[in-house]
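Peer 1: Okay, here's what each chain looks like letter by letter:
2 protein chains.
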Amino acid sequence: MTSRDIFQQILKKKSFLCVGLDPEISKLPACVADAEDPIFEFNRRIIDATHSYTVAYKPNFAFYESYGPRGMAALDRTVRYINKLDTNIFIIADAKRGDIGNTSKMYARAVFGEMPFDAVTVAPYMGEDSVTPFLSYPGKWAIILALTSNRGADDFQYHPGTGQRLFEKVLNVSQRWGTTDNLMYVVGATRAEMLADIRKIVPDHFLLVPGVGAQGGSLEEVARYGMNSQCGLLVNSSRGIIYADSTDRFDIVAGEKAREMQEEMAIYLAGRFKV
Amino acid sequence: MTSRDIFQQILKKKSFLCVGLDPEISKLPACVADAEDPIFEFNRRIIDATHSYTVAYKPNFAFYESYGPRGMAALDRTVRYINKLDTNIFIIADAKRGDIGNTSKMYARAVFGEMPFDAVTVAPYMGEDSVTPFLSYPGKWAIILALTSNRGADDFQYHPGTGQRLFEKVLNVSQRWGTTDNLMYVVGATRAEMLADIRKIVPDHFLLVPGVGAQGGSLEEVARYGMNSQCGLLVNSSRGIIYADSTDRFDIVAGEKAREMQEEMAIYLAGRFKV
Numbered sequence: 001m002t003s004r005d006i007f008q009q010i011l012k013k014k015s016f017l018c019v020g021l022d023p024e025i026s027k028l029p030a031c032v033a034d035a036e037d038p039i040f041e042f043n044r045r046i047i048d049a050t051h052s053y054t055v056a057y058k059p060n061f062a063f064y065e066s067y068g069p070r071g072m073a074a075l076d077r078t079v080r081y082i083n084k085l086d087t088n089i090f091i092i093a094d095a096k097r098g099d100i101g102n103t104s105k106m107y108a109r110a111v112f113g114e115m116p117f118d119a120v121t122v123a124p125y126m127g128e129d130s131v132t133p134f135l136s137y138p139g140k141w142a143i144i145l146a147l148t149s150n151r152g153a154d155d156f157q158y159h160p161g162t163g164q165r166l167f168e169k170v171l172n173v174s175q176r177w178g179t180t181d182n183l184m185y186v187v188g189a190t191r192a193e194m195l196a197d198i199r200k201i202v203p204d205h206f207l208l209v210p211g212v213g214a215q216g217g218s219l220e221e222v223a224r225y226g227m228n229s230q231c232g233l234l235v236n237s238s239r240g241i242i243y244a245d246s247t248d249r250f251d252i253v254a255g256e257k258a259r260e261m262q263e264e265m266a267i268y269l270a271g272r273f274k275v
Numbered sequence: 001m002t003s004r005d006i007f008q009q010i011l012k013k014k015s016f017l018c019v020g021l022d023p024e025i026s027k028l029p030a031c032v033a034d035a036e037d038p039i040f041e042f043n044r045r046i047i048d049a050t051h052s053y054t055v056a057y058k059p060n061f062a063f064y065e066s067y068g069p070r071g072m073a074a075l076d077r078t079v080r081y082i083n084k085l086d087t088n089i090f091i092i093a094d095a096k097r098g099d100i101g102n103t104s105k106m107y108a109r110a111v112f113g114e115m116p117f118d119a120v121t122v123a124p125y126m127g128e129d130s131v132t133p134f135l136s137y138p139g140k141w142a143i144i145l146a147l148t149s150n151r152g153a154d155d156f157q158y159h160p161g162t163g164q165r166l167f168e169k170v171l172n173v174s175q176r177w178g179t180t181d182n183l184m185y186v187v188g189a190t191r192a193e194m195l196a197d198i199r200k201i202v203p204d205h206f207l208l209v210p211g212v213g214a215q216g217g218s219l220e221e222v223a224r225y226g227m228n229s230q231c232g233l234l235v236n237s238s239r240g241i242i243y244a245d246s247t248d249r250f251d252i253v254a255g256e257k258a259r260e261m262q263e264e265m266a267i268y269l270a271g272r273f274k275v
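For the protein sequence lines, the chains are A and B, in the order given. Here the first sequence stands for residues 1 to 275, where the numbers follow the working numbering. Here the second sequence stands for residues 1 to 275, where the numbers follow the working numbering.
Just so you know, the hints here were simulated from the structure itself, not pulled from any lab data. Wrong hints could be hidden among the right ones.
Same chains, same names: a pair is fine if it fits in one copy or spans any two.
Derived pair list, reagent style DSSO-like, types lysine-lysine, alpha-carbon separation capped at 30 Å [what the hints assert, rightly or not]: (1) Lys84 / Lys200; (2) Lys105 / Lys27; (3) Lys27 / Lys140; (4) Lys140 / Lys105; (5) Lys12 / Lys200; (6) Lys274 / Lys105.
Given the structure is predicted, the values throughout are model-derived calculations rather than measurements.
Make the full structure from the sequences, and use the hints.
Peer 2: Below you can see the structure in the form of C-alpha cells.
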C-alpha cells in the first residue's frame, strides 16, 4: 500500500483508527475460552465487530509468542482472516524487530514473506542496516520507534546530543533510508505536545500513535498537533477497545468503543478535509 | 545460572565460546536437506560436534521465524535438545526484544516460560520498563545491546550527550536495573579497542561478544581488553563455525573450528586463571 492508498481508506471510513489485537488468555471472556482456538476466536469476533470503523489492525507479537506454537498459529490465522475480509485494511506486525542486516533480512522474510503483513515496527538502536532490509519489499512498510508512550522512553530517547535529542536524530537520519511510502514513525500520544515539533522534522510521514485510551493520551491533541495534508496519523487503541467488556457481549461493546473513536475522528477529519 | 556457574563452566571446558545457531535452509548441506526436520537435524549435528568446546549456544530467532511454524518448532526442539544434553550449557535467545512493560512481560514468558532459555538479548531504546520484566525470572538473564558489531552501530550508539555517548549512558543507567547475576551486555568484537573503556563502566558484568570471525573481530584483542576476574566474556561465532564446510562432513569441520577457538581461548584463560 502507498500513503495515498491509506489516506483514501481514511477518507472513505472517516477514521484513522488502528485496533491493537493483544489477546491475553487470562483476560478472554468465558464464551471464547472453550473454543478450539480461543485466541483466534476472540480476534475474529473483535475484527468482525470493529472493521467498519478501523483502517488498520496491529497484533503485538509478544501476546502470540508467549503461547508458543498455538499462539503463533492463531496470529497467522488472524492476519489471513483480516486480509481475506478486506485487503484494504493495513496490517501492522508490532514486533519491534531489528538486528544486523543479514539477520533483519530474515525477520523481513518472516513478516512479509511468510505472513501477509503490510508493515512491521522496528527498533532503531542498531542503525541503518538493521532497518533497510524491511524496506526492500514493494508496498511494505517499516515503522521506526521514535518517541514511545511508556515511562522508560525518558531513559534514552531524550538523550541530548549536539543540537538534537536522540529521538530527533532518529527522525532526521532514518528518513534518508526510505520514503514517505515505506517509512512511518511511532510517536506516543502521551507526548502529544511533542507532535508539533516532530512534524517540523517529518512533515509528510505517517505516524503510528499508541497511548490513546488506557495509557492516557488525548485523541483531540494528537489530531491537532499531528495531522498533515494526508491525515498522516494512525491512532492505535488496544485495551480500551478489546477489553472494554468481559461478558459474551465483548465484541458488541468493542464495536461500540471503536465507533465512538471513529465518530470523534470523523469530526477532526471534517475540520480539515472534504469527507 | 549465576555468573559464578558460568565461570565454573568456562574453567572446566577451558572455553568461553558461544556458538550461534543461525540456520538458513538455502545454506544447509544436501545430507540434511532431506531430513524430516532439516533445521533441527542440522542443529543437532552441529551441537553434537561442538558442545565439548562451548559453554553457550545462541539461536537467533530471525532464522527460525522466517520459516514460519516449522521454523519455530525446530527452534523449540533445538533448545530442549541442548538442555537435555547438558543443563550447564547457557542458552541465549537472540531475539533483540523490548516493548512497553506490559508487553515485555509477555516476551519474557515466551522465552523463559514456554522455552527453557537462560537468557534473552534485549534492545534498550524503550528504557527501564521494557527490560525489567526479563529480570524477574530467578536465574535468567537479560543481555542488553550496548555497542553492536554492525555498520549501523555508528548511526545512533555513539550519539554524544553531556559527557557520555549513548552506549555509555545505556551501560551506566541500565546496570542499576539488575545485578551482575542477571544482566549482561552485547559489545561487538569489531570494536575490541572500546572494551577497555567499557570495562571502566561495567567492570564486573559478563559481556556477550559477537563479531569474531566472519565479521572480522580479533579474539586475542577481545580477551586482552575484555577479560575480568570471572573471565566475563562469552565470545560468539556463528557462520565461521556452522558454515565452515558444506559437505556431509559439515559437523566434523564445525567441531574442528570450535576446537581451534577453544584452544586459543584456553591460552588466554591460562594466562589469567589456574586452569
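Peer 1: Each hint needs a verdict: does it hold in this structure or not?
Peer 2: These are the hints, each one checked on the structure:
Taking the closest pair of Cα atoms, Lys84 and Lys200 never come within 30 Å of each other, the shortest separation being 38 Å inside a single copy and 56 Å across copies. Taking the closest pair of Cα atoms, Lys105 and Lys27 come within 30 Å of each other only across two copies (15 Å); inside a single copy the shortest separation is 35 Å, beyond that limit. In the homo-oligomer, the alpha carbons of Lys27 and Lys140 lie at most 30 Å apart only across protomers (27 Å), although the nearest pairing inside one protomer, at 32 Å, exceeds that limit. For a Cα distance limit of 30 Å, the shortest separation of Lys140 from Lys105 qualifies both inside one copy, at 14 Å, and across copies, at 28 Å.
When the C-alpha separation of Lys12 and Lys200 is checked against a cutoff of 30 Å, the pair qualifies only within one copy, where the shortest distance is 28 Å, while the shortest distance between copies is 58 Å. In this assembly of identical chains, the alpha carbons of Lys274 and Lys105 never lie at most 30 Å apart, being 41 Å within a copy and 43 Å across copies at closest.
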